[in-house]
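These protein sequences, in sequence, are chains X and H.
Numbers 15 to 158, taken from our numbering, label the letters of the first sequence in order.
Numbers 888 to 1164, taken from our numbering, label the letters of the second sequence in order.
No wet-lab data here; the hints were simulated from the structure.
All values reported here derive from a predicted model rather than from experimental measurement.
Keep in mind that a hint or two might mislead.
[Unchecked claim] Covered by chain X, according to a simulated footprint, are these stretches of chain H (three or more residues, beta-carbon under 8 Å):
no., stretch
1, 1049 to 1058
2, 1087 to 1095
3, 1132 to 1146
[What the hints assert, rightly or not] With a straight-line Cα cutoff of 20 Å, these simulated SDA-like cross-link-like pairs (lysine to any residue) come out:
no., chain 1, residue 1, chain 2, residue 2
4, X, K70, H, A978
5, X, K70, H, E1105
6, X, K70, H, L894
7, X, K128, H, K1101
8, X, K70, H, H1135
9, X, K128, H, A1143
10, X, K128, H, H1135
11, X, K128, H, R1154
12, X, K70, H, K1101
13, H, K1101, X, R54
Yeah, the Cβ is synthetic: ideal placement off N, Cα and C, and Gly gets one too.
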Amino acid sequence: VFHLTSEPIAAAALRAALENSAAGACVTFEGVVRNHNDGRAVLRLEYEAYPALAHKEGEAILAEARARFRILEAACVHRTGALEIGGMAVWVGVSAAHRGEAFDACRFIIDTVKHRVPIWKREFYADGTVEWVNCAGCAESGKS
Amino acid sequence: MREPPPLPPLYGLVLAGGRSRRMGRDKAALAYQGGVPHVRRTAALLSETCGRVFVSCRADQAADPLLDGLEQIPDAFAVGGPLNGILSAQAAHPGAAFLVAACDLPFLSSEALRALAAARDPAAPATAYENPARDGAIEPLCAIYEPGLADAARTLMAAGLTCPTKILNGLDTRRLAPADALFLANANTPEDYEKAFVPTVTVEYFAIFRALAKRPAEEWPLRESSLPRIYDALRARHGFPLGRDSVHVAINDAYASWDAVLAPGDRLAFIPPVSGG
């Protein structure tokens, strides 16, 4: 399942939901907020999503992963709203009979989510500027 | 006891002889509902209530394909404006009453015409709505004109009056209030047409687009359904920095291609480069 949440991600509970007695491997990925981007000091960030389309694409990506890789369970949760440095922005978990498929599927899911799901990151920098990431020419003047 | 005189038959008359100067194109040809030119839609509405339906037009409109298959009554008098059409119809069919409707009433409805016909007072020279949008002034362009009106109108005309509102005001017109003021609203300018009658899509904004447009969504008239042209127009309007090559399109919560075709009521979103994860 794919979820958006404005609450801190409860990784342990998500990990528990992947349990499957046929699984020999469980791979999880946690994306966290770092304090720099492109050489600039980042103070915090915000995620905004287009929820209806994000759910649709997120579920489609998980279904594609199940079709491409021999896996048992797959889930992904993405944050919205404000995050501090070190906060968990995204969580992906896959269980499979064997580790290779679990690693590959987990990598496929996070890469495809970053590429396709309509979620946008707005970074607040130490110099007071704010920018929508990946958006050439989208700098905003001053704080907002 | 005298037998009451037979009720004059009620015919319909669509007024389509106007020059549409403010609209800049023929108002009779504009389509509001079902893509049907409004002169034809108005004629169809009148035919629900009236025994025969005619179109009042200028003599030079006789060959207009827009009026194909409709019975025409060309203007026969040397008077300007809608009065000419009404008088010409009464001269052509002296025993009939006419339910007259202008061809620029986009919200005209079967109910409004039925209510007018039901309130008809054949003993009065005319039966007409009071238009709340005009401070209750009589509305001559959605009204019933009895055969007796012609003589009275000629008398008033001889006194210099040609405005149908003033003529109906000067006579003992039977008045009624409309159940809904909207259907008496007319569309005279391109802005009127656009505002009320062009179908729209809802454009939803996210991320940088929401920040720059300063709103989560807006209605956009579907004058043409080309997504690239809509994007370019919104880009110019709101100062979006992104070219089309870095923007994706979603229609009704699903990704779509730039050559997708929009339908009225669709929800459209332009998707700036995503940056999740």
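Evaluation of the provided hints:
{"no.": "1", "hint": "1049 to 1058", "verdict": "violated (count 0)"}
{"no.": "2", "hint": "1087 to 1095", "verdict": "holds (count 4)"}
{"no.": "3", "hint": "1132 to 1146", "verdict": "holds (count 5)"}
{"no.": "4", "hint": "X:K70 x H:A978", "verdict": "violated (67 Å)"}
{"no.": "5", "hint": "X:K70 x H:E1105", "verdict": "violated (23 Å)"}
{"no.": "6", "hint": "X:K70 x H:L894", "verdict": "violated (65 Å)"}
{"no.": "7", "hint": "X:K128 x H:K1101", "verdict": "violated (26 Å)"}
{"no.": "8", "hint": "X:K70 x H:H1135", "verdict": "holds (15 Å)"}
{"no.": "9", "hint": "X:K128 x H:A1143", "verdict": "holds (19 Å)"}
{"no.": "10", "hint": "X:K128 x H:H1135", "verdict": "holds (15 Å)"}
{"no.": "11", "hint": "X:K128 x H:R1154", "verdict": "violated (24 Å)"}
{"no.": "12", "hint": "X:K70 x H:K1101", "verdict": "violated (26 Å)"}
{"no.": "13", "hint": "H:K1101 x X:R54", "verdict": "violated (27 Å)"}
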